[in-house]
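One letter stands for each residue in the lines below.
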Amino acid sequence: MKHLAFAAGLLGASAAFAETPELTVYTYDSFVSDWGPGPAVEKAFEEVCGCDLKLVSAGDGAALLARIKLEGARSDADVVLGLDTNLTAAAKETGLFAEHSVSADYAMPVDWNDATFVPYDWGYFAFVHNADAAAPADFKALAASDKRIVIQDPRSSTPGLGLLLWVKAAYGDEAPEIWKGLSDNVVTVTKGWSEAYGMFLEGEADMVLSYTTSPAYHLIAEEDGSKAAAAFDEGHYMQVEVAGKLANTDQPELADQFLAFMVSDAFQSVIPTTNWMYPAVTPAAGLPEGFETLIAPGKSLLLSEAEAAEVRDAALDEWLDALSQ
Amino acid sequence: MAGRAQPVSAFPGISAALLVAALILGTLGAVALRAEAGTGFGASDWAALRFTLTQASLSALLSVGLAAPVARALARRRFPGRSLLIALLGAPFILPVIVAILGLLSVFGRAGWLSSLLGLFGLEPVQIYGLHGVVLAHVFFNLPLATRLILQGWQEIPAERFRLTAQLDAGPLAMWRLLEGPMLRRVVPGALAVVFAICLSSFAVALTLGGGPRATTIELAIYQAFRFDFDLGRAALLSGLQLLLTAAAALVALRVSAGEGFGSGLDRAVRRWDGQGALARSADAFWIVLSAAFLLLPLAAITLAGLPGMADLKSSVWQAAGTSILVAALSTVILLGLALPMAAAVAAGRNGMTELSGILGLAASPLVIGTGLFILIYPIADPFALALPVTALVNAVMALPFAMRILVPRAREVLGRYGRLSLSLDMQGWAFVRRVYLPRMRAQTGFAAGLAAALSMGDLGVVALFADPDFATLPLQIYRLMGAYRMEAAAGAALLLLLLSMGVFWILDRGGRWHAEA
Chain X
1 MKHLAFAAGL LGASAAFAET PELTVYTYDS FVSDWGPGPA VEKAFEEVCG
51 CDLKLVSAGD GAALLARIKL EGARSDADVV LGLDTNLTAA AKETGLFAEH
101 SVSADYAMPV DWNDATFVPY DWGYFAFVHN ADAAAPADFK ALAASDKRIV
151 IQDPRSSTPG LGLLLWVKAA YGDEAPEIWK GLSDNVVTVT KGWSEAYGMF
201 LEGEADMVLS YTTSPAYHLI AEEDGSKAAA AFDEGHYMQV EVAGKLANTD
251 QPELADQFLA FMVSDAFQSV IPTTNWMYPA VTPAAGLPEG FETLIAPGKS
301 LLLSEAEAAE VRDAALDEWL DALSQ
Chain V
326 MAGRAQPVSA FPGISAALLV AALILGTLGA VALRAEAGTG FGASDWAALR
376 FTLTQASLSA LLSVGLAAPV ARALARRRFP GRSLLIALLG APFILPVIVA
426 ILGLLSVFGR AGWLSSLLGL FGLEPVQIYG LHGVVLAHVF FNLPLATRLI
476 LQGWQEIPAE RFRLTAQLDA GPLAMWRLLE GPMLRRVVPG ALAVVFAICL
526 SSFAVALTLG GGPRATTIEL AIYQAFRFDF DLGRAALLSG LQLLLTAAAA
576 LVALRVSAGE GFGSGLDRAV RRWDGQGALA RSADAFWIVL SAAFLLLPLA
626 AITLAGLPGM ADLKSSVWQA AGTSILVAAL STVILLGLAL PMAAAVAAGR
676 NGMTELSGIL GLAASPLVIG TGLFILIYPI ADPFALALPV TALVNAVMAL
726 PFAMRILVPR AREVLGRYGR LSLSLDMQGW AFVRRVYLPR MRAQTGFAAG
776 LAAALSMGDL GVVALFADPD FATLPLQIYR LMGAYRMEAA AGAALLLLLL
826 SMGVFWILDR GGRWHAEA
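Those sequence lines, one after another, are chains X and V. All residue numbers for the first sequence refer to this note's numbering, where the first residue is 1 and numbers rise by one. All residue numbers for the second sequence refer to this note's numbering, where the first residue is 326 and numbers rise by one.
If you are wondering where the hints come from, they were derived from the structure by calculation, not from laboratory data. Cβ atoms here follow ideal geometry from the backbone N, Cα and C, with glycine treated the same way. Do not rely on the hints blindly, as some may be mistaken.
What the hints assert, rightly or not - Result set (EDC-like, lysine to aspartate or glutamate): computed pairs, CA atoms no more than 20 angstroms apart in a straight line: (1) X:K299 with X:D138; (2) X:K69 with V:D554; (3) X:K227 with V:E813; (4) X:K92 with V:D556; (5) X:K227 with X:E292; (6) X:K54 with V:D554; (7) V:K639 with X:E222; (8) X:K92 with V:D707; (9) X:K69 with V:D556; (10) X:K69 with V:D707; (11) V:K639 with X:D34.
Said to hold, decoys possible - Now the in silico label distances, taken between C-beta atoms and shown as ranges: (12) X:R74 with V:V658: 57 to 65 angstroms; (13) V:L569 with X:E289: 55 to 63 angstroms; (14) V:A372 with X:G72: 28 to 36 angstroms; (15) X:E289 with V:Q644: 30 to 38 angstroms; (16) X:A260 with V:G828: 44 to 52 angstroms; (17) X:A141 with V:A372: 28 to 36 angstroms; (18) X:D146 with V:K639: 37 to 45 angstroms.
When you get a sec, could you build the whole thing from the sequences and use the hints?
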């Protein structure tokens, strides 16, 4: 339809088409799918904004950033939703994002005072296993055990990068030794999360890198309590998912309204059982039943965006080095 | 052949070839031009190159090496269900990678059927991860294609030749020397080049079954350059390297496989009088059973996994299936529009470059093509509005190499046999195309169309970059279901995809064939 509207605009009839403003939000693929938060979020926001919310998907978080870099200042996007703190430094470097004025009472284990990006959910990376099997309590115990794990490649997936930074945040310069210890536990490395999780469910591995909230899906949606996440004493690395407004948006007010809506109850209450992450602001009704069964890590690890950007390349080399032996 | 007058003009084919080359090289150029200062090649890239070449060579040799006896067995045996088996053999090739991997793992994995069977005898489970796992998966994907290509070579030997050799009482050795050997020498290099090139650009298979970062291919390095480093220059450089390798393999294959065909027969059904001995029969049975078990067991696993989820597929999955069918149909039309004139131009004997440009589609990285197209389209149009035609076009170009391998030998034969006759009757141009070329190409056109439609149905490559929520193909929907933990529904959608792809392949391939038993 868009090209029709465009052609009509050329003919001078644009006024007739322009009554509903359109807000374009770029996000990752699983957000917009029927099973993600997208449909509910779109409906709830359109009820209050008097606008047409257009959600556009572009692969995962890293692909999303690449997309914005490709489009540059001419991007149609007004808001980008779905970067995480490992990507925000690079995102800010593009100079394409504007500051926000959202403030909220965040229910996150870390303080949030980023002027450019607003968080909407967060989670802990964790190794998920079958609940009836004993699980190691830290990376060293995992390395010493004969548990078989499947992880994701940091070069092609965001959880893979998260694991890299998890080990780095927990062990710093000791990270290469940890990886050497783990190398005989790694069954294989996959391109993305779906491949790895599928292999775990097929019985190819004892544990898979995922999130502490993964068992909640099985419990709530499938009434299956057979999956658990292993609690690690070093602490768990966090993924904080954020959204930001583009500086060149033609809908600055709507974009601000969307960011404010994002931390409101209507948005936050759909996150736990659609994105299967923790909401950034606890909804009025609290977390859904079943979330109380999840492990609560004693320590939350998160590298600042500057640290994450700085150690990323070196951590990748250490990882490649250890696993290529 | 060069220089001889031909009843068809090479011009449309050359134009099509230029279009294809412009698309592939143009997108690569667009990515390169957008690049900022890149880092160039590092030690890890050379390691990736070495691993890529090793696994692609092994995969090609093994796939084609196994395909030759399987194709021979299929060519000289008639049994109930044979055509169904041949259609089923095409299935692995069009599956989304993730579905195929999970299917293979249910058979060959640690908790798979084979390991369970070995466990009954107190043996260790099979270890699938490593170079051998990569090769196993690539053979699973490509053995069917190689078998079909070689089988077609057998079917192109006119029935009259077999009759003649039988009348001359030629033994198996003479049959081999006179007919089968020369045919294989023509067909095998092309099949090797195609499989080699397919395996060059593999990445999810190689990584997952390779066991880790040792199994890094050039395509993964392209991903890293694009996603992890946003180094477009390096992505373009690596993609160029991939193109060069494919072009080199293709040139070698074209050079080796040049040679005269067998001339043409009267399109009688092939009947064989040789290979009736018990030894030959059991050897053929061995190859057919072995290949069928290898290819069909993982498909059975996919089917079993998918049946429970098949019952309640959501409407969005059906909608995605509809989109996939539309893309596949459009893609097939585009493919035939490109491939038939290109095959005629190649057969008219003037165009090595045309044939080469038909091969390039194999080597192009979907990520680079998609990104390049995005860069080119973005300034002038809305990429999302063009998602359907762009996906169909790129899928057609990706399927072109297979179509060319299928169409060219037959086109050579048609022009060689009927060219002079038609010229002497003053039948040229459109009249020749309509009355001689197209009817005689029917079987091959059907096969090529079926393959293109099935490939397009299963393709994920470019659509991911252009998809908006309302435009999802079935493979994309499968990934979305998995990403939302709906593994059972994803398995159901995968089974639907398998059925649709097989169905479309069967209909088109069948529709093209008039040999009742071929």
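Outcome of the hint check:
no. : hint                                   : in the structure
1   : X:K299 with X:D138                     : holds (12 angstroms)
2   : X:K69 with V:D554                      : holds (12 angstroms)
3   : X:K227 with V:E813                     : holds (16 angstroms)
4   : X:K92 with V:D556                      : holds (17 angstroms)
5   : X:K227 with X:E292                     : holds (14 angstroms)
6   : X:K54 with V:D554                      : violated (29 angstroms)
7   : V:K639 with X:E222                     : holds (17 angstroms)
8   : X:K92 with V:D707                      : violated (26 angstroms)
9   : X:K69 with V:D556                      : holds (11 angstroms)
10  : X:K69 with V:D707                      : holds (17 angstroms)
11  : V:K639 with X:D34                      : holds (9 angstroms)
12  : X:R74 with V:V658: 57 to 65 angstroms  : violated (33 angstroms)
13  : V:L569 with X:E289: 55 to 63 angstroms : holds (59 angstroms)
14  : V:A372 with X:G72: 28 to 36 angstroms  : holds (34 angstroms)
15  : X:E289 with V:Q644: 30 to 38 angstroms : holds (33 angstroms)
16  : X:A260 with V:G828: 44 to 52 angstroms : holds (50 angstroms)
17  : X:A141 with V:A372: 28 to 36 angstroms : holds (32 angstroms)
18  : X:D146 with V:K639: 37 to 45 angstroms : holds (41 angstroms)
The structure fails hints 6, 8 and 12 (numbered hints given earlier, in ascending order).
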